[in-house]
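The lines below spell out each chain.
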Amino acid sequence: MCVVCGCADSGDKGATMEGGHAHPHHHHGHAYMPANRRVSRRAQAGPDADAPAPAKVDALSGDLHFGAGAARVSVPGMSQSRAIRLEADILGENGRIAARNRARFAAHGVTALNFVSSPGSGKTTLLCATIEALRARAPQWPVAVIEGDQQTTFDADRIRATGAPALQVNTGKGCHLDAPMVAEAFDRLHDGKMGARSLLFIENVGNLVCPAMWDLGEAAKVAILSVTEGEDKPLKYPDMFAAASVMLLNKIDLLPHLRFDVQRCIDFARRVNPRIEVLQLSAVTGEGMDAWLDWLARTAAPASIAGLEAALEDIVRSTAT
Amino acid sequence: MHEASLAGGILQLIEQTARREHFARVTHLRLEAGQLAGVESRALRFALDALAPGTLLDGAVIDIDEPPGEAWCMDCSHTVTIAQRGDACECCGGYRLQPTGGTELKVIDMQVEDL
Numbered sequence: 001m002c003v004v005c006g007c008a009d010s011g012d013k014g015a016t017m018e019g020g021h022a023h024p025h026h027h028h029g030h031a032y033m034p035a036n037r038r039v040s041r042r043a044q045a046g047p048d049a050d051a052p053a054p055a056k057v058d059a060l061s062g063d064l065h066f067g068a069g070a071a072r073v074s075v076p077g078m079s080q081s082r083a084i085r086l087e088a089d090i091l092g093e094n095g096r097i098a099a100r101n102r103a104r105f106a107a108h109g110v111t112a113l114n115f116v117s118s119p120g121s122g123k124t125t126l127l128c129a130t131i132e133a134l135r136a137r138a139p140q141w142p143v144a145v146i147e148g149d150q151q152t153t154f155d156a157d158r159i160r161a162t163g164a165p166a167l168q169v170n171t172g173k174g175c176h177l178d179a180p181m182v183a184e185a186f187d188r189l190h191d192g193k194m195g196a197r198s199l200l201f202i203e204n205v206g207n208l209v210c211p212a213m214w215d216l217g218e219a220a221k222v223a224i225l226s227v228t229e230g231e232d233k234p235l236k237y238p239d240m241f242a243a244a245s246v247m248l249l250n251k252i253d254l255l256p257h258l259r260f261d262v263q264r265c266i267d268f269a270r271r272v273n274p275r276i277e278v279l280q281l282s283a284v285t286g287e288g289m290d291a292w293l294d295w296l297a298r299t300a301a302p303a304s305i306a307g308l309e310a311a312l313e314d315i316v317r318s319t320a321t
Numbered sequence: 001m002h003e004a005s006l007a008g009g010i011l012q013l014i015e016q017t018a019r020r021e022h023f024a025r026v027t028h029l030r031l032e033a034g035q036l037a038g039v040e041s042r043a044l045r046f047a048l049d050a051l052a053p054g055t056l057l058d059g060a061v062i063d064i065d066e067p068p069g070e071a072w073c074m075d076c077s078h079t080v081t082i083a084q085r086g087d088a089c090e091c092c093g094g095y096r097l098q099p100t101g102g103t104e105l106k107v108i109d110m111q112v113e114d115l
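Sequence lines, in order, name chains A and B. By the count of the numbering used here, the first sequence reaches residue 321 at its end, each step adding exactly one. By the count of the numbering used here, the second sequence reaches residue 115 at its end, each step adding exactly one.
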């Protein structure tokens, strides 16, 4: 009798099925794996894959221990294989380190932004222009930059030329930055003298696909799309625009020379992310930069409040002990 | 090719579990990569196959479940199935959809053996 459903298993499967047994599960064995998988596993591991685990032999006395396996019991015809249910997020380890980064940023009053785009959208030019503009508008607001590329220090050199501290992270063959890379870069970059409120710009590897999945601990992802790239990119690379809080349409000074439908591009971005904010600017002419700096000021404010709260908690904790 | 990094993350999870549960090899691994998770399951399988030799995953049968994308429509308040981000709501044709399912990337379970 089948112990799963209680039906009489005649051992002749063809006869059972033709005899009207309606249960669709009938491929007797009721093991963890479906029958077809068992076959493929046997083929790989040889005919003894399902044999019982051999007894453990005591080296001195020659005694046999059959219950030494994980199941603690030997059952004829059963191997001591077992199922482990994990339900674990594959990006969980990155997520834990990102959460730690986020807490550290908040404790230091740092607002971190993760800049993502395809190569050539003007990320580094925009960052340089933003650093210059901030220096004029909010000189008390320090900026540091982590530059991610596969190789060269060209981008970090360009940032350092503006006077802002920058650290290059070369990923080698890697196509994105991850949270541990940012944690280590922040250790080296942040000297504790940046003041109670500062900005950390993280320029990710130029790639509109992979960086979407890795949380670095940032306050927001900023997607940059230049108008020379094509208005359909938000639909072609939806994951990135879905993950971003704001889309910066860069190089708008070139619009008169291009066939780029700005409204269509914005509509496409809102299709994959109904909440995405959109700003239009040109890092070269400075058009639209004020609205961008306003956005930065708005985004940075909650982080500094969170930083103050974390500092307050520290004070409360130290006075309590 | 971020699937190579993800395959590394999967192996890391398995090695952590092996230290805790003391097993010698994985015979069957079941993953979930939702259709909106941003993962190409063929590339993930390729990366796992490339990584497996000499590890706990050597010879393991790998299944990847791909649950469909689900989204809540802000316009008509229905939960609908979508194949990809940017699809229209099948009820009202609107595009203001908030994904609610098919975004997860997980190791579900595995069958392991002690040597």
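Hints were generated in silico from the structure; no laboratory data involved. None of the values given here were measured: they were computed from a predicted structure. There may be inaccurate statements among the hints.
Coverage of chain B stretches by chain A, computed from C-beta distances (three or more under 8 Å per stretch; other residues unrestricted) [stated by the list, open to error]:
hint : region
1    : 45-57
2    : 65-77
3    : 81-91
Have a look at the derived ranges for each label pair, beta carbon to beta carbon [stated by the list, open to error]:
hint : chain 1 : residue 1 : chain 2 : residue 2 : range
4    : A       : 82        : B       : 67        : 24 to 34 Å
5    : A       : 125       : B       : 40        : 42 to 52 Å
6    : B       : 74        : A       : 82        : 38 to 48 Å
7    : B       : 12        : A       : 284       : 28 to 38 Å
Glycine included, every Cβ here is placed at the ideal spot set by N, Cα and C.
Hint check results:
Note: the region 45-57 of chain B has 0 residues with beta-carbon separation from chain A under 8 Å; the three-residue rule is not met and the coverage is violated. With 1 residues bearing a CB less than 8 Å from a CB of chain A, the region 65-77 of chain B misses the requirement of three and the coverage assertion fails. Counting residues of the region 81-91 of chain B whose CB falls under 8 Å from any CB of chain A gives 3; the rule of at least 3 is met. A beta carbon spacing of about 26 Å between residue 82 of chain A and residue 67 of chain B agrees with the range 24 to 34 Å that was offered as a hint.
Judged by the Cβ atoms, the range 42 to 52 Å given for residue 125 of chain A and residue 40 of chain B is violated: they are separated by roughly 32 Å. Under the hint 38 to 48 Å, the C-beta atoms of residue 74 of chain B and residue 82 of chain A, about 45 Å apart, fit the expected range. For residue 12 of chain B and residue 284 of chain A, the hinted distance range of 28 to 38 Å is not satisfied, since their beta carbons lie about 44 Å from each other.
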